[in-house]
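K.L.:
Chain A is already provided as a structure; the job is to place chain B on it using the hints.
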Amino acid sequence: MMKAFRNLIRWLGDVLRPVFPYWLLIVVAGFAIGPHPGKRTALECFAFLILLAALWRIPGLRLFITRLSRGYRALLLTAIGLILIGQVVGSNRTSYPFPQWNMYTGADPPNTYYEYTGVFTPTGETAQFPFHEAAPNRSTRAFMARFNSLVESVESFDAPAGADTPAIDSLRKDLRTLMRIYNTRHPHTPVRSIAIARHTIPVSGYDGKGSVEIVPLIRVEATP
Amino acid sequence: MMLHANASPRALGIARFAIYGTWVIVLLLRPTYRLADLPTEWFKPFGPLALIPQDVWGLWLRHDVLLVSHVVLLTLCAMLAIGVRPFRPLAALAAVLLFMSDMTDKGFNGFANHAQMALLYAAWILPFFPAADGFGVARPRYRESTPWIYGAGMATIAGCMATAYSILGIRRFADGGIEIFTGDAILVYLSTKSLEYSHYNFEYGLLPMTIPALAALMKLGFFLVTLAEVATPFVLFSSRLRRVWLIVIGSFHIATIFTMNIFFWENLVLMLVFFTGLADAAWRSRPAREPATAGSSAPQLRCGQGSSYGHSTHCSQPKSTTNHRERPT
Chain A
1 MMKAFRNLIR WLGDVLRPVF PYWLLIVVAG FAIGPHPGKR TALECFAFLI LLAALWRIPG
61 LRLFITRLSR GYRALLLTAI GLILIGQVVG SNRTSYPFPQ WNMYTGADPP NTYYEYTGVF
121 TPTGETAQFP FHEAAPNRST RAFMARFNSL VESVESFDAP AGADTPAIDS LRKDLRTLMR
181 IYNTRHPHTP VRSIAIARHT IPVSGYDGKG SVEIVPLIRV EATP
Chain B
1 MMLHANASPR ALGIARFAIY GTWVIVLLLR PTYRLADLPT EWFKPFGPLA LIPQDVWGLW
61 LRHDVLLVSH VVLLTLCAML AIGVRPFRPL AALAAVLLFM SDMTDKGFNG FANHAQMALL
121 YAAWILPFFP AADGFGVARP RYRESTPWIY GAGMATIAGC MATAYSILGI RRFADGGIEI
181 FTGDAILVYL STKSLEYSHY NFEYGLLPMT IPALAALMKL GFFLVTLAEV ATPFVLFSSR
241 LRRVWLIVIG SFHIATIFTM NIFFWENLVL MLVFFTGLAD AAWRSRPARE PATAGSSAPQ
301 LRCGQGSSYG HSTHCSQPKS TTNHRERPT
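One line per chain: the protein sequences are A and B, in this order.
Per the working numbering, residue 1 is the first one in the first sequence, and the count goes up by one each step.
Per the working numbering, residue 1 is the first one in the second sequence, and the count goes up by one each step.
So here's chain A without its partners, still in its complex pose (with noise of 0.2 angstroms):
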């Protein structure tokens, strides 16, 4: 017993060694630059050690290490290890251009949404407001966050005219700023107001969009 343990912990051992100071490396980097590191961060960095171990096992890949010229060779470790590190250092405004690979990842996400419904002239036409038109980022969605965080750093939308907090007045500013944009854009068809709503889908109960919760929370008059 004692000696197929250890047999197994020196089979380790060799399976281990080849990667562990590459390995090593990324590690030490990420937590020296990450401001983050977690429980998580270990799962994951143990993670990639069994997953390099695991890859370098490959007689192919070491075939392929093995021809390339030293400097190709630190082209690519260097490659990649800039993406682990990336990984490991969980801020991406830190690690850029390398952020992290997270997309989807939580197992309670929110069931809410905010939608922002302008009112276009002549017309009265009631629609989303387009952002892309006013904003054309690679990523709308991407774009929109901005205006979701600062929806969701107002403590309350119930606040008595002339006491705007002032993550309201930023809200205003902001939402102003991209409605004259957009009616520069198109000065045929301006927007007059975007108001903002927060949908909440009720995941269980769900019986048709018309189950969805919708709270309105802010209407913001472009200025004239």
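The hints are simulated quantities; they were obtained by calculation from the structure and are not laboratory data.
Hints should not be assumed to be uniformly reliable.
[As the list claims (entries may be wrong)] Restraint ranges, calculated between C-beta atoms of paired labels, are given here:
id	chain 1	residue 1	chain 2	residue 2	range
1	A	I50	B	V244	17 to 25 angstroms
2	A	R62	B	V244	18 to 26 angstroms
3	B	I257	A	R198	25 to 33 angstroms
4	A	V28	B	L220	34 to 42 angstroms
Just so it is clear, CB atoms sit at the ideal spot from N, CA and C, and this is done for glycine as well.
P.N.:
Chain B in isolation, oriented as in the chain A frame:
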């Protein structure tokens, strides 16, 4: 044998065409210079680019500067896509401008995500390789003293993409645990993405909310996609695993259009080039015009024997093709 290990100049040229061609489309669809209308105080640079003083960014974000840089970048990417030389200096300039373009776009969002990052990494890696030696307007070349260099270019980009897919899958397991697959997380993701603002306006992501069998299928699919993501680096070494991976990840990227209004078309292009043998097959089907490399069944061509590569200054006598270890490194 690793996928692309013996890639030809033509295969790397196809990759170059796909990468810069995709960038041309991205730049045409979303011209960065139009962001100059947004207030500069909304712009917040990240990472090392945050070290650039705000005054310099103020100059960069001027409409005329962004317009000129956009036109230059678009022209560069178009030239690089068709294989104009000198490739490396042009590609290096494009890499810097693409970085600035990406920062300009994301700096107005207030946060950095990984959108288009795989495509950006590919554009950063290509300048290190002779990617204009094949499949371009310039005369084909073959570096016989370093034949592995074409495969190295393909594999470095494929390796970066594979790493990104894999760590995303690992993050989902580490962050969401098993609950992310057994709970209603995927239903929430699908329904919110179906209803919130989008370009496509598909609402099929709402169907699992009312059809329990579909909900179960989505949960199972979510788990399988995550497993496939984690296993991505291994698909470069096994054609059988690669076929399964392509079906799972390919269907996932297509399904997200209809169920989440998300379409990573750039990733699909990169997948076709770097996770299939299509680029290499395009070479094998035309052996008479291409040089033979290790492991291929294509006939060996000597200098000047019917191959345009034969006129290259790098041309030399063909070497043994039976053992990769014997090839010069």
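K.L.:
Give a verdict on every hint.
P.N.:
Evaluation of the provided hints:
no.: 1; hint: I50(A) with V244(B): 17 to 25 angstroms; in the structure: 21 angstroms, holds
no.: 2; hint: R62(A) with V244(B): 18 to 26 angstroms; in the structure: 24 angstroms, holds
no.: 3; hint: I257(B) with R198(A): 25 to 33 angstroms; in the structure: 26 angstroms, holds
no.: 4; hint: V28(A) with L220(B): 34 to 42 angstroms; in the structure: 39 angstroms, holds
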